[in-house]
Amino acid sequence: MSGWLKDKGHLARMAGLFAFGITAFLVFRWVMVPPGFGLYGHYRAGALDDARARPLQYAGRAECEGCHTDIVEARQGSRHARIGCEACHGPLIKHAQAPTEIKPTRPDGRVLCVRCHETNPWKPKGFPQVKVADHSDNGPCTACHKAHAPKIS
Amino acid sequence: MESVLQSVQGFMYPNEVELQWGILIVLYPFTTGLVAGAFILASLERVFNVEAVKPTYRLALLTALAFLLVAPLPLQLHLGHPERSLEMYLTPHTESAMAMFGFVYLWYLMVVLVLEIWLDYRKDIVLMWRDSSGPTRWLYGAMALWSDNISPASLALDDRIGRALTVIGIPSAFLLHGYVGFIFGSVKANPWWSTPLMPIVFLFSAIVSGIAAVMLVYMVTAWWRERAFDMGCLDTVARYLFYAFLIDFSLEMLDLIHRIYEADESFRALDFMVHTRLYTSQVLVQILAGTIVPLGMLGLTQLVQMSEKARRRIYAMAGVLTLIGVFAMRWNVVIGGQLFSKSFLGYTSYKMNFATREGLLPAILLLILPFVILAVLIRLLPPWKVQRRGAGVSG
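Going line by line, the protein sequences match chains H and R. Be aware that the first sequence starts at 551, since it is given in this note's numbering, and climbs by one per residue. Be aware that the second sequence starts at 30, since it is given in this note's numbering, and climbs by one per residue.
Some hints could be false.
What the hints assert, rightly or not - Selected chain H positions facing chain R (in silico; Cβ < 10 Å):
1) H560
2) A562
3) R563
4) F568
5) G571
6) A574
7) F575
8) G588
9) H592
10) Y593
11) W672
12) K681
13) V682
14) H685
15) K701
To be verified - Okay, derived cross-link-like pairs now, EDC-like style, lysine to aspartate or glutamate, Cα gap no bigger than 16 Å in a straight line:
16) H:K558 / R:D188
17) H:K556 / R:E45
18) H:K673 / R:D188
19) H:K558 / R:D160
20) H:K556 / R:D187
Because the hints were derived from the structure by calculation, they are not lab data. Model, not experiment: these values are computed from the prediction. We treat Cβ as the ideally placed atom computed from N, Cα and C, and that holds for glycine.
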């Protein structure tokens with residue numbers, strides 16, 4: 551090696567190695583990062599279309615209330631009045647689209663009620679909580695409580 | 030649930046009962062601290078021309094590299110899915126301090142440490158390339174980038190660039206470890222962590238632990254090689270350890286006094302925690318055994334004339350205690366910050382598993398691994414003078 555590079559050849563090689571590493575990284579990044587990344591935020595813009603393309607599962611409360619007016623009436627003023635229908639009954643858009651062909655299964659109260667009302671010291675004091683085994687002698691909750699208006703009057 | 034609640038005293042919010050950051054996250058600031066500290070010790074010789082510490086210069090650089098290579102592993106183990114860590118570089122999130130660490134790490138590893146070690150060792154690498162044969166020859170050739178120019182002019186150029194890199198390396202080392210403290214210090218929801226002093230305290234404890242680690246590594250390698258200790262070097266390193274420790278201790282006490290004097294709404298809860306659940310690890314191990322005792326021992330060597338043997342023993346004991354104390358400091362910050370409730374009305378406990386992904390066993394292995402890497406590095410790039418075939422002594 552001659553000229554001004556005479557004693558700098560090893561440094562030029564190291565600089566070349568760094569340049570190669572950075573270029574390889576940039577190429578790798580160009581290949582790996584999906585198009586549209588960062589367009590709206592720190593995510594792939596196409597993810598929104600993907601989410602939109604997924605079939606809907608939930609019908610929404612308004613859809614349920616259009617038909618089940620008796621339940622709307624029963625829930626009025628009850629402590630369960632503000633709970634969404636599908637929070638307990640599950641996603642039901644297929645039932646809403648074909649009410650007679652597709653019938654939802656009735657939730658099992660022994661599983662559903664316990665999910666919220668089993669005693670748990672982390673819940674707020676005012677929240678109705680019971681030790682289910684003692685409280686109902688393992689009988690069905692719906693023997694005493696109506697699911698849509700649970701208070702026993 | 031009953032078993033989980035057994036570890037709780039008083040009122041905890043549900044998400045506070047189980048600790049999210051365990052021993053691996055304790056290990057992470059401890060390891061990066063050793064890197065930063067070791068590098069700063071190395072820079073004493075290079076930038077500030079402290080000739081006495083020269084025997085530890087290369088050892089400090091190799092120690093820093095060995096620990097830096099292991100530093101991200103606790104995080105990878107803690108988070109799982111190591112394949113996703115690459116995303117940090119591909120789609121960098123500039124608003125996240127944790128995400129930007131990837132770049133700080135890469136800068137420090139490649140531009141500061143690897144480059145500085147390469148420049149410093151280049152002459153030795155070329156000589157070893159010339160002397161060796163077979164795969165070793167190929168390896169040293171690759172490390173020399175197949176350039177065997179070790180003319181005085183090229184070596185002088187290496188030295189100038191190496192010096193400049195060390196100057197850049199000092200703020201980089203401060204950034205690397207200051208950043209770790211910054212992560213904790215900026216968690217404003219946690220009064221145990223949230224203090225602007227956190228990066229400074231982390232940094233100085235890092236310097237202390239790095240100096241202690243290199244001092245011990247130097248003593249062990251000298252003993253292993255059956256060579257006489259360079260007492261001038263050891264005395265100087267121990268003196269710097271003493272000074273750095275004094276500053277670190279003063280800063281930690283300043284933080285403590287500030288907390289006591291400020292006595293904000295969290296104070297009583299934190300004070301109770303220090304006197305109960307953190308008493309052993311904070312008061313006994315960190316402050317007493319890990320700070321006051323080694324400080325006293327190092328101070329004694331500065332005040333009283335002692336034999337070489339006595340000084341060596343004191344340095345070794347003080348070094349080990351210092352490392353234990355700094356590890357305890359990391360433990361008390363990371364674990365302590367998760368033991369109390371944000372309601373200030375309850376406390377939980379840390380249950381450490383053994384042979385699990387985040388248990389004690391992987392933590393022990395991760396503490397051993399840097400020493401294995403260091404042994405390989407020392408074999409590959411001896412930090413001391415070695416006999417060469419036909420070339421006499423070099424290095």
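Measuring from the C-beta of H:H685 to each C-beta in chain R, is the shortest one below 10 Å? violated, 18 Å
Sort out whether R:E45 lies within 16 Å of H:K556, counting only the CA atoms. Not satisfied, since the Cα-Cα distance of roughly 64 Å exceeds 16 Å.
Mind checking the alpha carbons of H:K558 and R:D160 for me, to see if they're no more than 16 Å apart? Not satisfied, since the Cα-Cα distance of roughly 23 Å exceeds 16 Å.
Would the hint on H:F575 stand, with a C-beta cut-off of 10 Å toward chain R? Holds - the Cβ of H:F575 comes within 10 Å of chain R, reaching about 7 Å at its closest.
Quick check on the hint: H:K701 CB to chain R CB, less than 10 Å? Status violated, d = 27 Å.
Under 10 Å is the threshold here; is the Cβ of H:A574 close enough to any Cβ of chain R for the hint to stand? With Cβ-Cβ at 12 Å, over 10 Å, it is violated.
Check whether the Cα positions of H:K556 and R:D187 lie no farther apart than 16 Å. Status holds; Cα separation ~13 Å.
With chain R as the partner, please determine if H:K681 meets the hint condition of a C-beta pair closer than 10 Å. At 13 Å from the nearest chain R Cβ, H:K681 fails the 10 Å test, so the hint is violated.
Hinted pair, alpha-carbon criterion (16 Å max): H:K558, R:D188. Please report holds or violated. holds, 12 Å
How about H:W672: closest beta carbon in chain R under 10 Å, or not? holds, 5 Å
Is the hint on H:H592 kept, meaning its closest Cβ partner in chain R is under 10 Å away? OK, holds: H:H592 within 10 Å of chain R, min 6 Å.
Status of the hint placing H:Y593 at chain R (closest C-beta pair under 10 Å): holds, 9 Å
This entry does not satisfy hints 6, 12, 13, 14, 15, 17, 18, 19, going by the numbered hints stated previously.
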